[in-house]
Amino acid sequence: MNLYGEIVEAIKGLYSLAVGMGVTGRYAFKPQVTVHYPRKTVDNIATYSGHVELLPGAKNPSGTDCIVCGTCARNCPSGCLDVQVLELMEENPDPEKKPKKIKKLNALMYDYSYCSLCGQCVENCPVTALGFSHHVYWAEFDRKDIKMDLVARLHEQLKTGKEA
Amino acid sequence: MNSMIQFIPLELIHILIGLVAILAFIGVNGLALVYVERKVAGFIQRRPGPYEVGPWGILQTLADAVKLMGKQLFSPSGDRLLFWVAPMLAFAPLPLLFMAIPVGKNLVAFDANLGLILILAFSGLNVLALCLAGWGSYNKWSLLGAVRSVSQAVAYEIPMLLAVLAVTLMTGTLQLSAIVDAQGAWPWQWHWLTQPAGFIIYLICALAETNRAPFDLPEAESELTAGFHTEYSGMGFGLFFLAEYSSMVVVSSVCTILFLGGWKGPGPEILGFIWFFAKVYGLVLLMMWVRWTFPRVRFDQLLNISWRWLIPLSLFNLLYVAAVVKI
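Protein chains in written order, with this note's numbering: chain W, 1 to 164; chain E, 1 to 327.
Bear in mind the hints are in silico, worked out from the structure with no lab data behind them.
Hints are all accurate, no fakes.
Taking CB as the label site, the calculated pair distances span:
no.	chain 1	residue 1	chain 2	residue 2	range
1	E	Glu221	W	His134	32 to 40 Å
2	E	Asp181	W	His36	45 to 53 Å
3	W	Ser78	E	Gln301	38 to 46 Å
4	W	Asn75	E	Glu221	30 to 38 Å
5	E	Phe7	W	Leu17	56 to 64 Å
6	E	Glu221	W	Ser49	24 to 32 Å
7	E	Trp307	W	Thr41	51 to 59 Å
8	W	Asp145	E	Val20	49 to 57 Å
9	W	Phe132	E	Ile158	52 to 60 Å
10	W	His36	E	Phe74	29 to 37 Å
Where a beta carbon is used, it is the ideal one built from N, C-alpha and C, also for glycine.
Work out the full structure: start from the sequences and follow the hints.
Rendered as structure tokens:
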């Protein structure tokens with residue numbers, strides 16, 4: 001670049017600096033967009049994607065649609081989901097046939113301390129039994145306490161009717 | 001008792017009173033400027049800033065200072081002597097710098113006839129402090145910060161001195177109060193209009209000399225964790241912090257004296273110190289505004305700005321001033 005071009009470039013650069021100062025100068029006098037947290041809270045918590053949770057089923061509104069395939073646990077890069085299966089023998093009216101095994105979801109242990117909220121479990125669930133909660137305020141004093149049985153949480157939610 | 005006082009030279013008492021006032025000012029100024037800096041940062045980013053301690057959070061920095069004093073002083077396995085000399089060396093020259101600054105008419109602790117040289121020489125000690133801090137920390141980030149600070153200071157002292165030299169060439173004196181006297185009470189009688197280039201060059205170099213963003217490479221948080229003061233805890237860090245905010249006031253004061261008419265302003269001369277502080281804190285606010293607007297420059301850009309633009313420009317400025325003075 002020749003000298004003339006460099007000088008033009010420098011003057012343009014200086015002008016852009018002035019523009020930037022103007023932007024921040026105007027922003028300094030605009031109203032604040034944050035809230036004083038403990039006294040006020042934001043009103044759009046529904047847009048928050050928190051930890052993974054079991055959703056009430058579309059087919060089974062009093063429980064989960066989970067078919068205990070274990071896809072969520074297999075796809076989890078952090079290994080924070082543990083599907084605990086309850087195997088039951090079906091009461092078969094026909095005693096000649098072999099009794100059929102049915103698998104039920106006993107517990108879905110979720111370790112939040114390892115979860116990176118990547119959503120692989122939610123995306124890969126074949127029956128859309130998993131989702132993200134709006135649970136913002138989950139905090140514990142010890143790392144080993146930040147675990148949860150999602151099945152128990154779902155039943156608690158259905159019982160109290162609250163979305164927490 | 002009374003007879004003993006007569007043996008103490010009056011000049012010494014004058015300096016002593018000035019020194020006490022200056023030390024008090026440095027402490028209060030540090031507390032206030034940290035608060036203002038955080039508030040400015042908050043408002044520019046549309047947050048409230050410190051809010052919880054005291055009304056509007058004005059006691060926040062006091063609480064921070066108490067916390068800093070209560071912290072354990074931890075030294076790494078480097079050279080412990082150099083490590084602890086560095087923060088003291090960063091802080092020690094500051095009272096001397098303030099002493100030569102005329103705040104109002106006759107309101108100066110030590111009106112040296114080479115006051116400008118005194119300030120420029122002793123503010124250079126800051127680089128030595130950063131260098132020692134980086135070396136004594138025994139830590140690669142700190143050492144990189146120290147290396148950066150030295151080359152930055154070498155690059156930016158030159159255009160700064162050249163810009164200052166142009167003013168002294170015009171006024172023919174190095175005494176700060178005489179430079180103020182050479183300017184009038186109204187803004188169009190100040191030196192910033194006769195030397196706009198020198199004024200802007202001085203402002204840029206002042207940012208670089210005080211290691212303020214966008215030239216805060218010695219303490220670049222995102223690259224060097226905290227640069228030269230990574231290893232400092234408690235008041236070791238506190239002294240560096242105090243030194244940074246005090247040197248901001250010093251460079252703004254020198255800028256005010258050289259280019260913005262010092263304590264001169266419309267109104268009675270006795271109220272000159274109000275004008276002086278208004279101008280100084282206006283410049284300090286400008287430095288904060290700049291900090292929260294611009295991203296940090298890269299190291300080659302930093303040196304390019306100095307060697308390829310500021311030094312030739314300030315040389316031309318000097319030539320222009322010399323020509324104007326001669327004619």
